[in-house]
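Colleague: Listed here are the chains, written in short residue letters.
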Amino acid sequence: MSSVATHPDHGAHAAAKPRGFLRRWVLTTSHKDIGTLYLLFSLAMFFIGGAMAMVIRAELFQPGMDFVDPYFFNQMTTVHGLVMVFGAVMPAFVGLANWMVPLQIGAPDMALPRMNNWSFWLLPAAFSMMLVTFFLPGGAPAAGWTMYPPLVLQTGMAFPFLIFAVHIAGISSIMGAINIIATILNLRAPGMGLLKMPLFVWTWLVTAFLLIAVIPVLAGAITMLLTDQYFGTSFFSAAGGGDPVLYQHIFWFFGHPEVYILILPAFGIVSTILPAFARKPLFGYTSMVYAVASIAFLSFIVWGHHMFTVGMPTAGTLFFMFATMLIAVPTGVKVFNWLATLWRGALTFETPMLFALAFVVLFTIGGLSGIMLAIAPVDFQYHDTYFVVAHFHYVLVSGSIFAIMAAVYFWLPKWTGVMYSERLGKLHFWTSVVAMNLVFFPQHFLGLAGMPRRIADYPVEFMEWNMVSSVGAFAYGAAQLIFVWTVIQCMRGRGKPAPAKPWEGAEGLEWTVPSPAPHHTFHEPPKVV
Amino acid sequence: MEGFRALNMPRGATAMSEAVYDLHMFVLTICVVIGIVVFGALAYSIAFHRKSRGVTPARFSHSTAVEVVWTIVPFLILVVMAVPAVRTLLAVEDTSGAEMTVKVTGYQWFWEYEYLDGEAEGIAFYSVLDEASDRARRLGSETDPREVEHYLRDVDQPLVLPTDTRIRFLLTANDVIHSWWVPEFGWKKDTIPGFINEAWTEIGEPGVYRGACAELCGRDHAFMPVVVVAKPPDEFRRWVAARHDTADGETSVAGR
Ligand SMILES: [Cu+2]
Ligand SMILES: [Cu+2]
Numbered sequence: 002m003s004s005v006a007t008h009p010d011h012g013a014h015a016a017a018k019p020r021g022f023l024r025r026w027v028l029t030t031s032h033k034d035i036g037t038l039y040l041l042f043s044l045a046m047f048f049i050g051g052a053m054a055m056v057i058r059a060e061l062f063q064p065g066m067d068f069v070d071p072y073f074f075n076q077m078t079t080v081h082g083l084v085m086v087f088g089a090v091m092p093a094f095v096g097l098a099n100w101m102v103p104l105q106i107g108a109p110d111m112a113l114p115r116m117n118n119w120s121f122w123l124l125p126a127a128f129s130m131m132l133v134t135f136f137l138p139g140g141a142p143a144a145g146w147t148m149y150p151p152l153v154l155q156t157g158m159a160f161p162f163l164i165f166a167v168h169i170a171g172i173s174s175i176m177g178a179i180n181i182i183a184t185i186l187n188l189r190a191p192g193m194g195l196l197k198m199p200l201f202v203w204t205w206l207v208t209a210f211l212l213i214a215v216i217p218v219l220a221g222a223i224t225m226l227l228t229d230q231y232f233g234t235s236f237f238s239a240a241g242g243g244d245p246v247l248y249q250h251i252f253w254f255f256g257h258p259e260v261y262i263l264i265l266p267a268f269g270i271v272s273t274i275l276p277a278f279a280r281k282p283l284f285g286y287t288s289m290v291y292a293v294a295s296i297a298f299l300s301f302i303v304w305g306h307h308m309f310t311v312g313m314p315t316a317g318t319l320f321f322m323f324a325t326m327l328i329a330v331p332t333g334v335k336v337f338n339w340l341a342t343l344w345r346g347a348l349t350f351e352t353p354m355l356f357a358l359a360f361v362v363l364f365t366i367g368g369l370s371g372i373m374l375a376i377a378p379v380d381f382q383y384h385d386t387y388f389v390v391a392h393f394h395y396v397l398v399s400g401s402i403f404a405i406m407a408a409v410y411f412w413l414p415k416w417t418g419v420m421y422s423e424r425l426g427k428l429h430f431w432t433s434v435v436a437m438n439l440v441f442f443p444q445h446f447l448g449l450a451g452m453p454r455r456i457a458d459y460p461v462e463f464m465e466w467n468m469v470s471s472v473g474a475f476a477y478g479a480a481q482l483i484f485v486w487t488v489i490q491c492m493r494g495r496g497k498p499a500p501a502k503p504w505e506g507a508e509g510l511e512w513t514v515p516s517p518a519p520h521h522t523f524h525e526p527p528k529v530v
Numbered sequence: 373m374e375g376f377r378a379l380n381m382p383r384g385a386t387a388m389s390e391a392v393y394d395l396h397m398f399v400l401t402i403c404v405v406i407g408i409v410v411f412g413a414l415a416y417s418i419a420f421h422r423k424s425r426g427v428t429p430a431r432f433s434h435s436t437a438v439e440v441v442w443t444i445v446p447f448l449i450l451v452v453m454a455v456p457a458v459r460t461l462l463a464v465e466d467t468s469g470a471e472m473t474v475k476v477t478g479y480q481w482f483w484e485y486e487y488l489d490g491e492a493e494g495i496a497f498y499s500v501l502d503e504a505s506d507r508a509r510r511l512g513s514e515t516d517p518r519e520v521e522h523y524l525r526d527v528d529q530p531l532v533l534p535t536d537t538r539i540r541f542l543l544t545a546n547d548v549i550h551s552w553w554v555p556e557f558g559w560k561k562d563t564i565p566g567f568i569n570e571a572w573t574e575i576g577e578p579g580v581y582r583g584a585c586a587e588l589c590g591r592d593h594a595f596m597p598v599v600v601v602a603k604p605p606d607e608f609r610r611w612v613a614a615r616h617d618t619a620d621g622e623t624s625v626a627g628r
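Chains as they are written, first to last, in our numbering: chain B, 2 to 530; chain F, 373 to 628.
Isolated chain B (complex conformation) (with noise of 0.2 Å):
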């Protein structure tokens, strides 16, 4: 019991865990136990998005309006988008830092253990504030997940609730952000300088930065629609002197770090995972914390992208343009990076890589397809059609989710002390690249073609590419729950026992700790050469 300063309260019997619900998951301040609150409910609000995914491909199988009113399907689109990048995707980074930065930098615990639970709890209040809106009169938000005014100011009951769930998500992101910053910062161990920290703990740094730079960006807008709906405001309302524009900046100067926030921390992910299933280090370590670094900056000045068709000045649009293009060089950077990572190495395939490769080919897809998007005079015809809609989940389903998917395999013996099921692994990695490519990939031609996203319905010559589509994601959709299937598996412990380090090439003093990781790793600082 050397170090018990950081643990006052567990002192006496450092290795018990917590018993009864209540002390063990509520007021729990393990950084293990959080880590885990957060997986399971990025897990069950991606089902949940997902649902409202499936609505929406059901609805859009053939033309004509076959299951829902037009505005249901406005709430579907809307929620979804909400669920998945506030509910799903950034609870699941979160989590992943939870569980894996203070193993990966040998501390402890989390900085601030007793603000980490209140981030966490912080959450399902949130979400449940969103979701509760399909009950109210008017039904839930339809205006889309940007909440662009003057059309979200139609919302009906649910648009308090729409506010107040978005700042309390933005209150837990941010508290989380502190934390993690204050964890890499101050608990590293002795010998672990900056530039010896894994990836995954860089990324996550940088994101954290920017998630304390943006999400108050973000609560300013939203707080500028309560004044203009409810205070007689006119901040974004011609009629009163302002400028639904306007909102429209302030959002995406937030919302372009945002889709940032979104992948950085999987960028940490696949550097972690390529090097251990290619059995040879990172290559160009030092220029990807860089271009991490740099593509963060330049997320703050390319915003404009975002809003080419809504008649900036020439010099504005030019200025956007570039600047986006410019994205392109530390993202290449990263990519080229990878490849020569396996490059000579000598690979396996087992399903953390298998989706680790599949992020560097889909991912790669999604970043060309933006190169295209960030042309401002072609993107006069891509913007708001399906060809985006293609792009931004090429990057967040096989860019984030398949890094979070790689991710969980990766670590799932270390959390669960045994070895998920490789076959059952498999085969949710086929069916999700077969799957997400199926949905995904024709929507490129359906926006090409001049189909616009968000539309409930649509003409007769676009219908055969939805139908492909559609198809698509009832098959992704069933695959994920070979995913739960697999990780219940682990969780009640079936599976063979995985030893401390069940991956020959993984580095990383997570390895040093046993499987399953015990409830206290690291009281002892181990030593980093």
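Source of the hints: derived by calculation from the structure; they are not laboratory data. Fair warning: there could be bad hints in the mix.
As the list claims (entries may be wrong) - Just so you have them, the derived chain F footprint on chain B, three or more residues with Cβ under 8 Å:
#, region
1, 326-339
2, 359-371
To be verified - Restricting the straight-line Cα-Cα distance to at most 25 Å, the calculated cross-link-like pairs of lysine to aspartate or glutamate (DMTMM-like) are:
#, chain 1, residue 1, chain 2, residue 2
3, F, 603, F, 390
4, F, 423, B, 244
5, F, 475, F, 570
6, B, 528, B, 508
7, F, 475, F, 489
8, B, 427, B, 505
9, F, 423, B, 525
10, B, 427, B, 508
11, F, 475, F, 577
12, F, 603, F, 536
13, B, 502, B, 525
14, B, 197, F, 439
15, F, 423, B, 423
16, F, 603, F, 528
17, F, 475, B, 244
Predicted model, so just to flag it, every value in this text is computed and none were measured. The C-beta atom is built at its ideal place from N, Cα and C for all residues, glycine as well.
Add chain F with the ligands to chain B, keeping to what the hints say.
Modeller: Same frame as chain B, now just chain F with the ligands:
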């Protein structure tokens, strides 16, 4: 089955839309080539650098020369893309020299067109989803949309424009933001309540050009198509004259 042929952006009906199409194909080609190189290298590694072939992994982990190359080469490729992009952008944005002006106003969920000058001055009308589509699109409708000609692609009164004329659009909206889009013209432009945006076109070929509202605008966002009928200038003049005769130049707002 012919829907499977909906694969790419249309070349369109104007010099501008062709320039946009060419730029699109240029950028797409570069991206496909980059993709082939990247995925080719990856496929090579996956095929040959696998443990099951008994290879010993190399230990290298950096090479300044290589890293400099793959920072600079992508930058140069971007410059190659940026040059035609700037040229096209400046052409699209140049709304000067218009021979006629049409005002477009977005409503939930239809369009209004007003001819602001020239011989058509004073003509104004609403343009609403055609009745056949409107019947077929209802939840529980007996009509199969596939039986409706131009399902969600037709309106009661299309916007009629002359070919070979440089036309300026002034775009605004009355309630929420919409976006006026005809893919064959090569651009879309948001219509924003309280503000006026500008755009232009010069249609080369007579014909019917169909588009849609591209910005989420509420319940019936999917049901406010844009239809433009382009006529040769003399035919357009006859249409204007007939229009002045029947409607006395006033907005025909019957039923609104
Ligand atoms: Cu962006
Ligand atoms: Cu509209």
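Colleague: Taking the earlier hints as the rules, which of them does this structure contradict?
Modeller: 4 and 9
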